[in-house]
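Novice: Based on the provided sequences and hints, a complete structural model is requested.
Number of protein chains: 2
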Amino acid sequence: MSDRLIYLPLGGAGEIGMNAYVYGYGKPGKERLIVVDLGVTFPDMDGTPGVDLILPDIGWLVARKAQIDGIFITHAHEDHVGAIGHFWEQLGAPVYARPFTANIAQRKLVEQGQPEGVVSVVGVYPEIITCGPFKVSYLPISHSIPESAGLLIDSPDGRVLHSGDFKIDRTPVVGDPWDRSLWEEVSKDGVKALVCDSTNVFSLEPGRSESTIGDAIADMMKEATGMVVATTFASNIARLKTLAIAAQKADRSVVLLGRAMRRMVEAATEVGILNGFPPVVSPEDALNMPREHVMLLVTGSQGERRAASAQLAQGSYLGLKLKEGDTFLFSSKTIPGNERGVIRIMNQLSEMGVDVIDDAGGKYHVSGHANRPDLQTLHEIVKPQILIPMHGEHRHLREHVKLGNAGGLTGIVAVNGMMIDLSGNAPTVAEYIDTGRTYLDGSVQIGALDGIVRDRIRMALNGHMIVTLIVDENDEPLGDPWVEISGLTETGSSNTALVEVVEEDLSQFINRANAKTLRDDVKLEKELKSIARRSAQGEIGKKPEVTVIVSRLS
Amino acid sequence: MSDRLIYLPLGGAGEIGMNAYVYGYGKPGKERLIVVDLGVTFPDMDGTPGVDLILPDIGWLVARKAQIDGIFITHAHEDHVGAIGHFWEQLGAPVYARPFTANIAQRKLVEQGQPEGVVSVVGVYPEIITCGPFKVSYLPISHSIPESAGLLIDSPDGRVLHSGDFKIDRTPVVGDPWDRSLWEEVSKDGVKALVCDSTNVFSLEPGRSESTIGDAIADMMKEATGMVVATTFASNIARLKTLAIAAQKADRSVVLLGRAMRRMVEAATEVGILNGFPPVVSPEDALNMPREHVMLLVTGSQGERRAASAQLAQGSYLGLKLKEGDTFLFSSKTIPGNERGVIRIMNQLSEMGVDVIDDAGGKYHVSGHANRPDLQTLHEIVKPQILIPMHGEHRHLREHVKLGNAGGLTGIVAVNGMMIDLSGNAPTVAEYIDTGRTYLDGSVQIGALDGIVRDRIRMALNGHMIVTLIVDENDEPLGDPWVEISGLTETGSSNTALVEVVEEDLSQFINRANAKTLRDDVKLEKELKSIARRSAQGEIGKKPEVTVIVSRLS
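Chain order of the listed sequences is A and B.
Quick note on the working numbering: the first sequence kicks off at 76 and runs consecutively.
Quick note on the working numbering: the second sequence kicks off at 76 and runs consecutively.
Since the hints were made in silico from the structure, they are not lab data.
Accuracy of the hints is not assured; some may be wrong.
Pairs involving identical chains hold if they fit within one copy or between any two copies, as the list cannot separate such chains.
Distance condition first, Cα-Cα at most 27 Å in a straight line; then the derived DSSO-like pairs of lysine-lysine [as the list claims (entries may be wrong)]:
#1 297 / 398
#2 324 / 210
#3 477 / 297
#4 477 / 398
#5 105 / 598
#6 267 / 438
#7 183 / 617
#8 183 / 618
#9 183 / 601
#10 398 / 618
#11 477 / 438
#12 408 / 398
#13 396 / 477
#14 408 / 438
#15 183 / 324
#16 598 / 102
#17 438 / 297
#18 591 / 324
#19 477 / 601
#20 477 / 263
#21 477 / 183
These figures come from a predicted structure and were not determined experimentally.
Specialist: Structural data, given as structure tokens:
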């Protein structure tokens, strides 16, 4: 068998979030591997109640630990770097990143008890990192966090360009401006595959530069008469600077609220990429300043319940309180699924008399991702033999392939677990790998299919009924079955306590049950469960989850 | 004490949904009352898992049953009529509605076991319904369901105009066109208060007519090569007709899928307001027709898990299957909070190769509510002494008052439970009434504050641990404590079964416990719970909900 070049997404292809991509080169099954990004995504009450963080399932990689030559992080967003601390020990390969990203990644490793010095700081193209059969270079590209990069991945079978998250921004406020000539240069000798961000493929207008919103924000802050609060993703360093400079122009001191906000500014300052960021004042000092001279820069743009935005909306945060006449700016887009939380905050602010400004008109926010015409621009520059959309839900990937096709490119929708063989002239699916999600739940990693979260959802939907029965040494019931409920109404349609109605039905069964049934735990539990559910259904119109505990004295 | 005119929202003011408004006239505390609308809102996993339907808390009304002279339903949307079947028995007053609304309301009453003939069918202005001290007329107004109406409510203290849900649409396809002269006529002698829809106060452009989208939809259906599926709210009768006529123009037969869809078309046909709706074909017949001659009109525009849209996206519905080349149109707006469900369907369709068209460009959907300039138009026609925004979250009500103020009107933000005295020259808050939400849970109505749903949420977030202990006649433990878990991982950090670790900790406590503790149920349960939580926290980093069951032999 001859060597082959493979691409395998383990996360991020079929969803926005949790990015984890693998490239491999070598004999089938013996490929040397590199990993690009190890990100997370966030749980929600709908599908993952109680879960703390969602990570890709890296079982396939762990089983091939010895084949992994390196881990490359493209930029410091959570959906690209958030899992590094949780997974590094299981993978054990060297980690590469540009300085700012490396700073964030290393903090995450240390937080999870991993050693200092794991992450190697690398420079950009034409610097080359040789990693097994691959030669990798970081290609600076503009995005909403500094030092974002695409990757040039050279293999014996040709060159892959992995776009990373990007937008086409010549004046990005912070970070590298879009450099067309760089992408032309790395593309001129032919590119086998372009693996490309798909997030904004449905956005028809060309993207706008970060620098286009500063003036409007400054004007708004000048006109505001009370305190101004602005929220955005803490990791959107460019926006933090845009907002802080606007505040400065409006003669307002900047206060950072929220751990992530302080940490990001700290990290960016440490590596020297936040030149020109105005000095900040402490929350305590802000308390003594006239409101019209204060701008709070706060976490919680997605309505997160414990972030600074939510706490301000509920009353106060570190002694700072909002009131009538203040203004609250959401300089952010609400990610689908987060609307309820954001709207809750908006209404709480409304109740306090605070004016809320959101991104309805696009005046105070621009996206960090390439829009449809910008994707076309990159396609035209790179002219890849194969277009592989990534960083998108299925609908984004499919639309992105269509867009490529319209421009004359061959494309393939490759979702998580689909291993693509890039060696031939056309891409082929080499194999389907079992992938999925791993949940960080408290301090434990659990599988998405372990049934644990399913049981939680069932209890939330149906309530939980517990039936206990004691059986003595002679397999005779000792007393009557006992019922307890949690998440169920106490009284149903017959106006008697629900537990009494169910206990009565269970007792009738137990009194009639023969010795064989009473000796058989499995049968006994099954019958008790079924009667309890039926009884509840009649009484409250709902079949609860039932746990039966038969205690045998012996 | 002199008579007074009061307004009291019990639902719908501070939220979009669950409308229930009360007007009263008479001596304070002895007012004769009328109720306008009895609607529902829908549960979600975030805040109301397992709940079937959310209803207003009408406790205040039930306590004043003898004072209620009538219930007026403005139109047949669920958020205005959905609770009538559940509440009518508790209120017992006559119900009034226009024919189509009456048809729907009566069906809902019968479904809940109430008698036929409860709802009186009424005509429109100048017909007058005398109801205690009130004289009420239905004022036809355009909205997204036929026979929508505002109410003219005359009291000895002056006239109130209750807008109902409305838009300004001169060509609404189905239902009454906007009739400016009618609203001028009823306003010309002076209006005390305009109680007004606020839904779209943040939409800056004038609203567009239902008739503006038919051609674009027909063109899309003509161009589509495979089957076309279109979804919208079943109650949006005008849209159903717009879609069906467009299908007819594109030489496609119409198939209705989903119970609500068939029921709405049936009701509208029964009362004769669906003239010109093309004949429909059955799903079975559609199976034998060329795909390009079929248009499925289906329920589930909000991503509801069991509706026809979701089932088609998952594979098939009544034998009908989608495939590559088909087109799926969301002729609807996604209500905030429903995005995840809608996006899930879009991605499933994408996986099947079905092209999805949504309302991104506003080509295929218009709102049923008045936009900001349209609200201004109504303000200017009515020139009320007092503007009272309704049908909105707090932010909508507040913004609507600001809009009124800018036009020279006096306005008041009156949220659920705020009883407004309208007798004087300026509105005053007469009283704050305890309001809230009632949950229909299975077949039982439970209070939002009963703690039942709170317990479900806690189990979903934290898992559930059950500790059982048997104590004998001498208050001695019989065997060791026994632990069962639900929604919790089986093994934690020490790689031993979680239940064993916890049982070990509990046993140690029990073995050391003195007779006094073992005799005291409250103390024993408290200690066992606290140890179980602490033990789990150490093992899995999570404190579960714990139910302790001590069985005493006697």
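Novice: With reference to the structure, classify each hint as holding or not holding.
Specialist: Evaluation of the provided hints:
1. 297 / 398: within (18 Å within a copy, 55 Å between copies)
2. 324 / 210: neither (46 Å within a copy, 59 Å between copies)
3. 477 / 297: For residue 477 and residue 297, only the inter-copy Cα distance (21 Å) is at most 27 Å; the intra-copy one is 46 Å.
4. 477 / 398: For residue 477 and residue 398, only the inter-copy Cα distance (17 Å) is at most 27 Å; the intra-copy one is 50 Å.
5. 105 / 598: Cα proximity of residue 105 and residue 598: none, with 50 Å in one copy and 62 Å across.
6. 267 / 438: neither (39 Å within a copy, 39 Å between copies)
7. 183 / 617: between (45 Å within a copy, 21 Å between copies)
8. 183 / 618: between (44 Å within a copy, 24 Å between copies)
9. 183 / 601: neither (47 Å within a copy, 38 Å between copies)
10. 398 / 618: neither (47 Å within a copy, 37 Å between copies)
11. 477 / 438: So residue 477 and residue 438 pass the 27 Å test across copies only (22 Å; inside, 31 Å).
12. 408 / 398: within (24 Å within a copy, 33 Å between copies)
13. 396 / 477: Between copies only: 23 Å across chains, 51 Å inside a chain, cut-off 27 Å.
14. 408 / 438: both (12 Å within a copy, 23 Å between copies)
15. 183 / 324: neither (35 Å within a copy, 60 Å between copies)
16. 598 / 102: For residue 598 and residue 102, the Cα distance exceeds 27 Å both inside one copy (54 Å) and across copies (66 Å).
17. 438 / 297: Within. Shortest intra-copy distance 15 Å satisfies the 27 Å Cα cut-off; inter-copy 38 Å does not.
18. 591 / 324: neither (84 Å within a copy, 70 Å between copies)
19. 477 / 601: For residue 477 and residue 601, neither the intra-copy (53 Å) nor the inter-copy (62 Å) Cα distance is at most 27 Å.
20. 477 / 263: The answer is within: 24 Å in one copy meets 27 Å, while 59 Å across copies does not.
21. 477 / 183: neither (38 Å within a copy, 47 Å between copies)
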